[in-house]
Amino acid sequence: MLVEVVIKALFILLVAIGSFVPIITWVERKQSAIMQDRIGANRADVAGIRILGLFHPIADVIKLFAKEDVVPLGANRVMHLVAPVIAAVPAVIAYAVIPFGAVYAFGAKEISLVVADPDWGLLYIFAIGSIATYGTIMAGWSSNNNWSMLGGLRASAQMISYEVTMGLSVVGVFMVFHTLKLTDMVFAQDSTFRLLGFLDVLFGLPVPVWLDWLRLPNWGIFLQPLAFVMFLTAIMAENKRPPFDMPEGESEIVAGYHTEYSGMRFGLFFMSEFIEVVVIAGLVSTLFLGGWSIPYLSQETIIGAISSVFGIGFATGLCMILHVLTFFLKVIVMIWLQMALRWSLPRFRYDQVMDLCWKVLLPLSIANVFVTGLVMLLVQRGAA
Amino acid sequence: MVPLEHVIGLSAILFAIGILGVVVRRNLIVILMSIELMLNATNLAFVGFNRMWPVFGGEPSLDGQVFVLMVITVAAAEVAVGLGIVIALFRNRDSVDVEEASLLKW
Amino acid sequence: MTASVVFFYAFAALAVVSALGMVLNLRNTVASAMSLVVTMVALAGIYVLLEAHIVAVFQIMVYAGAIIVLFLFVVMLLNLRTDAFSPGRQKLVKLAATLIAFVVLAELLRVLTTGLPEAQPLPEGYGGYAQVGVALYTDYVLLVEVSGLLLLAAIVGALILAKRDIG
Numbered sequence: 078m079l080v081e082v083v084i085k086a087l088f089i090l091l092v093a094i095g096s097f098v099p100i101i102t103w104v105e106r107k108q109s110a111i112m113q114d115r116i117g118a119n120r121a122d123v124a125g126i127r128i129l130g131l132f133h134p135i136a137d138v139i140k141l142f143a144k145e146d147v148v149p150l151g152a153n154r155v156m157h158l159v160a161p162v163i164a165a166v167p168a169v170i171a172y173a174v175i176p177f178g179a180v181y182a183f184g185a186k187e188i189s190l191v192v193a194d195p196d197w198g199l200l201y202i203f204a205i206g207s208i209a210t211y212g213t214i215m216a217g218w219s220s221n222n223n224w225s226m227l228g229g230l231r232a233s234a235q236m237i238s239y240e241v242t243m244g245l246s247v248v249g250v251f252m253v254f255h256t257l258k259l260t261d262m263v264f265a266q267d268s269t270f271r272l273l274g275f276l277d278v279l280f281g282l283p284v285p286v287w288l289d290w291l292r293l294p295n296w297g298i299f300l301q302p303l304a305f306v307m308f309l310t311a312i313m314a315e316n317k318r319p320p321f322d323m324p325e326g327e328s329e330i331v332a333g334y335h336t337e338y339s340g341m342r343f344g345l346f347f348m349s350e351f352i353e354v355v356v357i358a359g360l361v362s363t364l365f366l367g368g369w370s371i372p373y374l375s376q377e378t379i380i381g382a383i384s385s386v387f388g389i390g391f392a393t394g395l396c397m398i399l400h401v402l403t404f405f406l407k408v409i410v411m412i413w414l415q416m417a418l419r420w421s422l423p424r425f426r427y428d429q430v431m432d433l434c435w436k437v438l439l440p441l442s443i444a445n446v447f448v449t450g451l452v453m454l455l456v457q458r459g460a461a
Numbered sequence: 760m761v762p763l764e765h766v767i768g769l770s771a772i773l774f775a776i777g778i779l780g781v782v783v784r785r786n787l788i789v790i791l792m793s794i795e796l797m798l799n800a801t802n803l804a805f806v807g808f809n810r811m812w813p814v815f816g817g818e819p820s821l822d823g824q825v826f827v828l829m830v831i832t833v834a835a836a837e838v839a840v841g842l843g844i845v846i847a848l849f850r851n852r853d854s855v856d857v858e859e860a861s862l863l864k865w
Numbered sequence: 012m013t014a015s016v017v018f019f020y021a022f023a024a025l026a027v028v029s030a031l032g033m034v035l036n037l038r039n040t041v042a043s044a045m046s047l048v049v050t051m052v053a054l055a056g057i058y059v060l061l062e063a064h065i066v067a068v069f070q071i072m073v074y075a076g077a078i079i080v081l082f083l084f085v086v087m088l089l090n091l092r093t094d095a096f097s098p099g100r101q102k103l104v105k106l107a108a109t110l111i112a113f114v115v116l117a118e119l120l121r122v123l124t125t126g127l128p129e130a131q132p133l134p135e136g137y138g139g140y141a142q143v144g145v146a147l148y149t150d151y152v153l154l155v156e157v158s159g160l161l162l163l164a165a166i167v168g169a170l171i172l173a174k175r176d177i178g
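Chains as they are written, first to last, in this note's numbering: chain E, 78 to 461; chain S, 760 to 865; chain B, 12 to 178.
Careful, some of the hints might be misleading.
Listed next, the stretches of chain B that the computed footprint assigns to chain E, with coverage defined by at least 3 CB atoms under 8 Å from CB atoms of chain E [said to hold, decoys possible]:
#, region
1, 38–47
2, 61–68
3, 72–85
No lab work stands behind these hints, which were simulated from the structure alone. Here the structure is a predicted model, which is why all the values come from computation and not from measurement. Cβ coordinates follow ideal geometry from the N, Cα and C atoms, glycine included.
Isolated chain E (complex conformation):
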């Protein structure tokens, strides 16, 4: 039991964080270079071999470790040293509840591919996300620098504002799936629904059998498209990356809350942003893109089809590998989407960020909850 958890945690650490995060730093440079018609980082080499600049992440880390770790004069030393750790840890442990595969039965032994699976998994992520605010605020305050202070001030206001909309925008999703448990949510998405089924349920018009193929996967993005857009916006604002980089605001307040950081402590802030990118990608694909589920091919279908030829054990193993690969494919797509958004949108002004949160996203998310409830009530009436 414990061994299993440790293995899964190590898998997440190595794959989702250990290998994605360094590669993302490279991807961000290359993608921005391509979008801006440049070549991008390609100078780091080992014995003359460059392979597209893939050595840059390693060179970065060596450089950051070799730098002096400066604590500015008049800073609150303890807080200054602790702040980057508080920023990075929540981002890592949020991954504990995101399932990267289903439950697989190998004979009597069941393997569930998630590190921890509490009933309130989604709430756990919100709680952890709200702790992450402190790293930024502490960094901003303890640096004894006015720009850092302004950055911390902006971060505190921006992050608690967007937490509200982040929470409210996904209420529709867990209304639809009837659960807060992330594994159950993905199981609910591992099926399809008839595109014209609402005619049948609401108005009693039977859908002809020859249109039965007209189905969509039961994914959150199809059931709650508005929630998808709002949640992605809110959670990207939580991550404080451009276009929502008010706490850093390079053109206004130097580098915001991490102005006074150097060496690997700056590196920790930098990394925690990228870890959060991976976590956001994992969370959004779990909530809205069906997580590990392969569209139109549910777990039983795959295992049933393969096991008739190769046996049940092989089929389950293959299904597991396919599911994990599907999940990471979706994660990569979501990471790409975030990178593309980051490099194509201009920055907001601070008041625009707050207006977007309180005057656009919040009313819309409440309206989304209301409409979802109304439709679910009508569907229940129709079904009864």
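Chain E is fixed; fit chains S and B onto it per the hints.
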């Protein structure tokens, strides 16, 4: 099983620390934080007693936990208004010392 | 002694120490607030040990995630870097402090010696969001409505108080 006597004891200690904060400190913000601590101590007692009697009249009872959620709501409202008052006070008197806000005292 | 008991005492010690740190830190308001965060998180841990999962999550989300951030926001907005003023009038304080310590000690001794009834076995699904939600929206629905009204009033009140020019 967590010893419930000690849960209630912890609640009492935290409540006393909260009172101490309200009495000793003159910084209005710290006084508000001490009030939050006292609310938290009562929350702990609510949760502890709810754990002691999870069934009432043959049915599962979550009254204690519901009360805690209500207390959290009230605490949020209280902090919003309280900090509004702090900001207004600071604007007028340039200080958040409660002993300097004595205009109505004779 | 099971793991949960060990965890309980660890969290309890953390909560008491950080609460004392909050009250007795006379120089630094931000450090006080951060100590309070530690208390909140430790209490959330105790709630989990007491099977109140949803309360624990809301403890972290609302208290640690929003309320203390609000405190920090105000401290930073007013730029109270140091808390220069001394504690209040000494005699009164000492008297009150000893009185409180005495009362708490007496209460503790009473509780620990008389003991409480044994906890009953937990029903199925205790403390999960489903049960709490059903309780909130059936027995306590009026309370939920009233607290919504209270929050609205608080928003309006805070806006009016913090507004720069009322006119």
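Here's how the hints hold up against the structure:
no.	hint	result
1	38–47	holds (count 4)
2	61–68	holds (count 3)
3	72–85	holds (count 8)
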